[in-house]
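Undergrad: Given next are the chains, with one letter for each unit.
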Amino acid sequence: MNTHPMKLVTVVCEAHAKEAVLRTIREVGAHGYTLFPVEGDGSQGLRTADIPEFTNLQIEVILKPEAAALLLERLGQEHFPRYAMVAFESDVRVLRPGKF
Amino acid sequence: MNTHPMKLVTVVCEAHAKEAVLRTIREVGAHGYTLFPVEGDGSQGLRTADIPEFTNLQIEVILKPEAAALLLERLGQEHFPRYAMVAFESDVRVLRPGKF
Amino acid sequence: MNTHPMKLVTVVCEAHAKEAVLRTIREVGAHGYTLFPVEGDGSQGLRTADIPEFTNLQIEVILKPEAAALLLERLGQEHFPRYAMVAFESDVRVLRPGKF
Amino acid sequence: MDIFDAIRANLLSPAVLFFVLGVIAAVSRSDLKFPEPLYAGLTIYLLVAIGFKGGVAVAEAGIGRVLVPAVTAMALGALIPLWTYPVLRFGGRLSAVDSAAIAAHYGSVSAVTFIAATNYLKSVDQPFESYATAFLAVMESPAILVGVVLGKLATRAAGDDSGASLRTAVHEAVFGRSIFLLVGSLIVGALCGEPGMKKVEPFFVTPFQGVLALFLLEMGIVAGRRLGELRKVGPFLLAFGIVVPVLNGALGVELGKLAGLSLGGATLLGVLSASASYIAAPAAIRMSLPDANPTLSLTASLAVTFPFNITVGIPLCLAIARRVYS
Amino acid sequence: MDIFDAIRANLLSPAVLFFVLGVIAAVSRSDLKFPEPLYAGLTIYLLVAIGFKGGVAVAEAGIGRVLVPAVTAMALGALIPLWTYPVLRFGGRLSAVDSAAIAAHYGSVSAVTFIAATNYLKSVDQPFESYATAFLAVMESPAILVGVVLGKLATRAAGDDSGASLRTAVHEAVFGRSIFLLVGSLIVGALCGEPGMKKVEPFFVTPFQGVLALFLLEMGIVAGRRLGELRKVGPFLLAFGIVVPVLNGALGVELGKLAGLSLGGATLLGVLSASASYIAAPAAIRMSLPDANPTLSLTASLAVTFPFNITVGIPLCLAIARRVYS
Amino acid sequence: MDIFDAIRANLLSPAVLFFVLGVIAAVSRSDLKFPEPLYAGLTIYLLVAIGFKGGVAVAEAGIGRVLVPAVTAMALGALIPLWTYPVLRFGGRLSAVDSAAIAAHYGSVSAVTFIAATNYLKSVDQPFESYATAFLAVMESPAILVGVVLGKLATRAAGDDSGASLRTAVHEAVFGRSIFLLVGSLIVGALCGEPGMKKVEPFFVTPFQGVLALFLLEMGIVAGRRLGELRKVGPFLLAFGIVVPVLNGALGVELGKLAGLSLGGATLLGVLSASASYIAAPAAIRMSLPDANPTLSLTASLAVTFPFNITVGIPLCLAIARRVYS
Ligand SMILES: Nc1ncnc2c1ncn2[C@@H]1O[C@H](COP(=O)(O)O)[C@@H](O)[C@H]1O
Ligand SMILES: Nc1ncnc2c1ncn2[C@@H]1O[C@H](COP(=O)(O)O)[C@@H](O)[C@H]1O
Ligand SMILES: Nc1ncnc2c1ncn2[C@@H]1O[C@H](COP(=O)(O)O)[C@@H](O)[C@H]1O
Ligand code: NA
Ligand code: NA
Ligand code: NA
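Protein chains in written order, with my numbering: chain A, -10 to 89; chain B, -10 to 89; chain C, -10 to 89; chain D, 1255 to 1580; chain E, 1255 to 1580; chain F, 1255 to 1580.
Note that these hints are calculated values from the structure, not bench results. Keep in mind that the hints are not guaranteed to be accurate.
[To be verified] Quick look at which bits of chain E chain A covers, simulated, 3 or more residues with Cβ under 8 Å:
hint, region
1, 1290 to 1304
2, 1469 to 1479
[To be verified] Here are the computed distance ranges between Cβ atoms for each label pair:
hint, chain 1, residue 1, chain 2, residue 2, range
3, D, Lys1452, F, Phe1258, 21 to 27 Å
4, E, Val1378, F, Leu1265, 46 to 52 Å
5, B, Pro(-6), A, Arg71, 37 to 43 Å
6, E, Arg1283, F, Val1578, 39 to 45 Å
7, F, Leu1492, A, Gly87, 56 to 62 Å
8, E, Glu1448, F, Leu1265, 42 to 48 Å
9, A, Arg85, C, Leu35, 29 to 35 Å
10, E, Val1322, F, Lys1452, 32 to 38 Å
11, F, Asp1285, C, Ser32, 20 to 26 Å
12, D, Val1578, F, Leu1265, 41 to 47 Å
13, D, Glu1483, A, Gly87, 20 to 26 Å
[Claimed, not checked] Here are the simulated DSSO-like cross-link-like pairs (lysine-lysine), alpha carbons at most 27 Å apart as the crow flies:
hint, chain 1, residue 1, chain 2, residue 2
14, E, Lys1376, C, Lys88
15, E, Lys1452, D, Lys1376
16, E, Lys1376, F, Lys1452
17, C, Lys53, A, Lys53
18, C, Lys53, B, Lys53
19, B, Lys88, F, Lys1452
20, C, Lys7, B, Lys88
21, E, Lys1486, E, Lys1376
22, A, Lys88, A, Lys53
Quick reminder that beta carbons are idealized off the backbone N, C-alpha and C, glycines included.
Use the sequences and the hints to build the structure in full.
TA: In C-alpha cells form, the structure reads like this:
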C-alpha cells in the first residue's frame, strides 16, 4: 500500500484551553483529533494532573500540510499569549489521505 | 553514541480492536509496544473514554522499516474496514537497533 | 509564522526510573517535559499499569538537537543498564525556539 | 397497585431519577462525565456485591433447588435468538449477519437491569429468590454462542475461520471480566455463607442502593450519548427494542413459573429475558462477527431497550407476574 | 463556648486535621497524590449527596419558605463583586480586568467550604436549615456574570466579542458539571422526598463525614501546592483574602437574619459569602476574561481564603451569628 | 481450635477467598483488572483508616505504653536483615547486592498483610492492642536502611556516591507516600481521639472488612501475575520465602511477649516480622542499590511470601502465639 505524507500537530495545554483549541482545530478543517490528560512541567510551573480543572491535556491532530501551518499560526497568535501551552509539528505518513 | 533509524507506527483505535491489533503487531515481528487510553473524535463519532469497553486506545510500536510497512499494509487490509481506526508512520532514531 | 527545527525525545520506562530520568532531563538543559502512565510490553515483560509502583511512564521532552544528543547518550549509559526502558528521538518543528 | 402506579413508583425512585438526570446531562451536552476508572470501580463493586450475595443464597437454598430454574434460564437465553433472528431478518429486512448480532444481544442479558430489578422488588416489598443472581450468571453466554453460529451459518461463504471465531466468542463470553467477576463472587459467597456475609455486609449490602443510584447517573450519560444515533437505526429497530423485551419478559415470567420460582423470582427471570446486553455481547460479537454493524445492535440495546427497561420494563414484568400468579 | 474554643474545636476535627496533613504533604514535597479519577469521584459523591439531601429538605419545607432566602443569596452573590471591585482596583491598584476577575471569584462560592461548614455545625450540635444547599446552588453564577460584565466594561476597547464572552460565561456558570450535578441532585431529592432518602441514606448520609475528611486531605494537597505562589500575589491580596471573607461573612449572616433564617442557616449564608470559588469561577473567567492573570485570583482564593475558611472562617461565622442572634 | 482449623477458618473468609479469586484471574489470563486509580484509592482508604484507628488507640493507651513495644519493633526490623543477609549470601550463594536487597525486603513490612491479620484476629474474636498500627509505621524503614548499608559495604568499590544513595533511601523510606499517610493518619487520630472517631467511624471502620476483601481481589491479581517469574528465582528463594517468614514470625511473637504485649499484640508483631515489603522496599532499593536484580526480591516477597502469609502465615502466627502464651 502507498503511504502519503501528512502533518501531525501535537498541542500540550492547560485544561482550560481545551474548548478554545478544539474549536480552532475544527476551524482549520481537521476531521478528527485525539486527546488525553498528561502531567507536565514548563515555564508556567508544574501541572500534576490531580484535579481535572488544573490538569494538562495532550491533543494530537493529523492534517494536511496547509491546514497544519494554519493551525500552528492561529495557535501562536490566539492561544499562546493566553494559555500555558506548547505546540509542535512533525511529519507522518498515512494510508488514506482522503480521511484527513 | 550512534543513533539508528527506525519507524514508529502509531495506531488509534476503538478498544474492541485491541486484541486484533496487538496480534498483528506481534505477527509482523515487533518486540514490544506501548498503549494507553485516549479520547478522540473522527469519522465514526466522538469517543469520550468514560467506559472501558467504548474507549479509544493509542498504540505505539517501534520497529524496523520493513516490518512497519508490513504492519501498515495489514492494518489497512484487515482492520481498517472493520474498526474505527487511524494509523500513521513516522521516522525515529534509537540507540539499540538490535532491540527492535 | 516561521517554524524552527527541534528534537523530541520520547522515553518509555518503569515508574521507578521516574526521578532519575527527570533529573537527567533537567541536567541536559531541558525547560519542561510531559509525562503520562502507559501500559506496555517489551523484553522485560508486560507492564499492565494497574498499580502505580509497577506501571510504565511515557516521558516526552522537546529540546535543542545538542541537548537531545546528550540526553540520549546519558540515558544509554546511565539508565539503560538499570531500568526497563526505551528511548527514541524524532524531528519536530516549533514556533518559539527560545522556549526550549 | 395497578400497573401505572407501579411505573410511577419506579420512576420516582432515586435510582431511576438519577438515570434520567444522566440522560439529561448527555442530551444537554453538559460536560458532566464519570472518569473511566470510577465507572470500572462501580461496576466491579456492583458485580462483586450481587455475586457474593447470590452465592450466599445459593449455599443456603442448596444447589438442588437452583438447578432446574438455572437450566431453564440457560435454555431461555439460547432460545431467544432463535425466534428473534427470523423477525429481524424477514420482518426488519436486516442482513443475516446484523440479524444474528442483534438476536445475540437480546438473548444475552444486562446485569445493571437485573440489579435495578432486584432493587425495585425490594422497594415494593416483593420477596424473591436471592439466588436468582445465578440465572444472571448463566444467561449471559448461551445467546451469544447461538447468535455467532447463526451469523456464521448465514455467511458460510467466508466461513473458513468459523471455528476460530466461535472459540473467540466462547472465550469472551465465558472468561470476559464481568462474567468472571460474577461467577467468581458467586462461588466465594457460596463458600463463605452467612458467617462471611456478616463481615462484609456493611460494605456490600448496606450502601448498595445508593451506589446503584450513583451508577445509574453514569449509565444515563452513557445511554443518553447514544440517543443521537437513533435516527441511524430506523423505526423497525426502535419498535423491536420495545416490543420484543415485553414479549420476552412475559415468556420469562411464564417459564419461571413452570420452573417453580416464586412470583418475585419469575419477575426477575422475566427481566433477564427482557434485557439486552450492551457490554458482553458487543465485545464478543465484534470479534466473531466483525462484519455486523455495531451501531445497530448497540444503539437498540443501549439507547432503546435499556432505558425502557429501567423505567417501564421492570415494573411491567412485575405486573405481568402478578397477573400470571393470581 | 467563646470564639477561641470554637476555633480549637474545629481545628481538632478529623476533617480539618486531614486538610492540614494534606498541606504538610504538599509543602514537604511528599509524593502523596490522589489520582485524578479519585478526586473526581469524591467530588461527584459529595455534590450528589449534599444536593440530594438538600432537595429532600426543600420538598419538606416547601418552595415558599426557601424562596426569600434563596433570592437574598443570589442578590448577595451579585453584590459582592460590586463592592470588592473598587477595593481591588483602587485599594490594591490592580488592573481593571484582574480586579473584575478576583471580584467574581469572591462573589461566587466554594462548595467544599459550604460542606465543611454543615459538617462543623452538625458537630457542635447547631441546627440549621438543610435546604441551605439551595443557596449554594444559586450563589455560584451571579457573581461570575457580574464580574465578567465589570471586566468587559473596563476593557471596552477590545470589546467587540463581549456578547460571545458573556454567553460563554453564562453557559459555563449554569451548565458546568458541578452546578449541573448540584441542581440536578437537588431536584431528584425534591422529587423523591423522605421515602427515597431512606433507600440511599446508608450511602449518601451515614459515611458522609468520613468521605469529607478523606477529600479534605486531597484538598489540602491541592491548596498546599499553591502556597509557593503566595509571593507572586503580594501583601495586598494576602490581606484581602483574609479580611474580605470576614466582612462578607458578617454581611451574609446579617442578610440571612433579615431573610428569616435561623442562626444555623444565617451562619451558612455567611460562610457562602465568605467563601471564594476556585473551580467554577476560574473556568468561566479563563474563557471570558482571558487577559486576566489567573495566578492572582486562583492563589488568593485557593491558597489563602480556602484554608482560612476551613480552619478559622467557619467557626468565626458561627461566632458572629451567635452575637447577631443574641 | 488447632492450627489446621485456624488455617481453614482463614481460608474460608471472604478476604482470603477473594484473594484466591484474584490469583485465579491472573493465572487464567482473564482480562479482569482494577484500574490504577482504583488501586490507589483503596490503598489510601486502607492506610488512612488503619492509621486513624491506631492513632485513636495510641491516644487512649498513652504514649508511655506504646513506647517499649514500638522500640522493640524497630529493633526487630533492623535485626532481620542482619541474620538473613548471610543466609542469602552463603546459603543461597546470591551476590552481595542481591542478598542485601532481599534482606531489606524481609526486614521491612507489608501493610496489607498487617491489615489482613487484624481482620483475622477480629474474626476469631482474639483481642489485640489497637495501637499496634504504630509498630507497622515504625517497622517499614529500619530494615531498608540496614539493607542499603549492607549492600553499599559489600560493593564499596563503586561506593563514591554511598552517602547520596543512603540519603535517597532514607528519604524514600521516611517520606514515601505510604509511610507519610500512615504516620500522618496516626497523628490525626491521636489528636482527635474518640470524639473524632465517632464522626468518621461509619466510613473508616464499619465497611472496612468489605473494602479489604475487594482490595485483596486486586492484590491476588497483582501477586498472581508474578507467579510466572517463579522459575526465575529458583528453589532456594522459594524455600526462603516460606521458611524465613515462619522463623521471623516466631521471633516476633517471642519479642512481643518480652515487650509486654498481649497474645493478640504479639501475634501482630509476629505477622509484621514474617511479612515482606513489596512496595516501599522495592522503590527505595531500586534507587539506592540499582544493581540489585529486582525480579529476585520482588518475586520472593510478592509471589511467595505475601500469598503464604495471607493464607497460612497469619493463622500460624496466632497458633505460635497461643503456644507461647499458654
Ligand atoms: N520542553 C518541553 N518538552 C515537553 N513538554 C513541554 C515542554 N515545555 C512545556 N511542556 C508541556 O507544556 C505544558 C505547558 O508549558 P508551559 O506553558 O511552558 O508551562 C507543560 O506543563 C508541559 O506539559
Ligand atoms: N485527524 C485525526 N487526527 C488525530 N486523531 C484522529 C484523527 N481522525 C481520527 N482520529 C482518532 O482515531 C479515532 C478513530 O477514528 P475514526 O475511525 O475516524 O472515527 C478517533 O476517535 C480519534 O481518536
Ligand atoms: N518496540 C517497542 N515499541 C514501543 N514500545 C516499546 C517497545 N519495546 C518496549 N517498549 C516499551 O518500553 C517498555 C520497557 O521496555 P523493555 O525494557 O523492553 O521491557 C515496555 O514496557 C514498553 O512500554
Ligand atoms: Na435478554
Ligand atoms: Na463568596
Ligand atoms: Na518483615
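Undergrad: Compare the structure with each hint and give your call.
TA: Cross-check of the supplied hints:
no.	hint	result
1	1290 to 1304	holds (count 3)
2	1469 to 1479	holds (count 4)
3	D/Lys1452 x F/Phe1258: 21 to 27 Å	23 Å, holds
4	E/Val1378 x F/Leu1265: 46 to 52 Å	48 Å, holds
5	B/Pro(-6) x A/Arg71: 37 to 43 Å	39 Å, holds
6	E/Arg1283 x F/Val1578: 39 to 45 Å	44 Å, holds
7	F/Leu1492 x A/Gly87: 56 to 62 Å	59 Å, holds
8	E/Glu1448 x F/Leu1265: 42 to 48 Å	44 Å, holds
9	A/Arg85 x C/Leu35: 29 to 35 Å	32 Å, holds
10	E/Val1322 x F/Lys1452: 32 to 38 Å	36 Å, holds
11	F/Asp1285 x C/Ser32: 20 to 26 Å	23 Å, holds
12	D/Val1578 x F/Leu1265: 41 to 47 Å	44 Å, holds
13	D/Glu1483 x A/Gly87: 20 to 26 Å	24 Å, holds
14	E/Lys1376 x C/Lys88	53 Å, violated
15	E/Lys1452 x D/Lys1376	13 Å, holds
16	E/Lys1376 x F/Lys1452	13 Å, holds
17	C/Lys53 x A/Lys53	26 Å, holds
18	C/Lys53 x B/Lys53	26 Å, holds
19	B/Lys88 x F/Lys1452	58 Å, violated
20	C/Lys7 x B/Lys88	22 Å, holds
21	E/Lys1486 x E/Lys1376	38 Å, violated
22	A/Lys88 x A/Lys53	10 Å, holds
Against the hints set out earlier in the document, violations occur for numbers 14, 19, 21.
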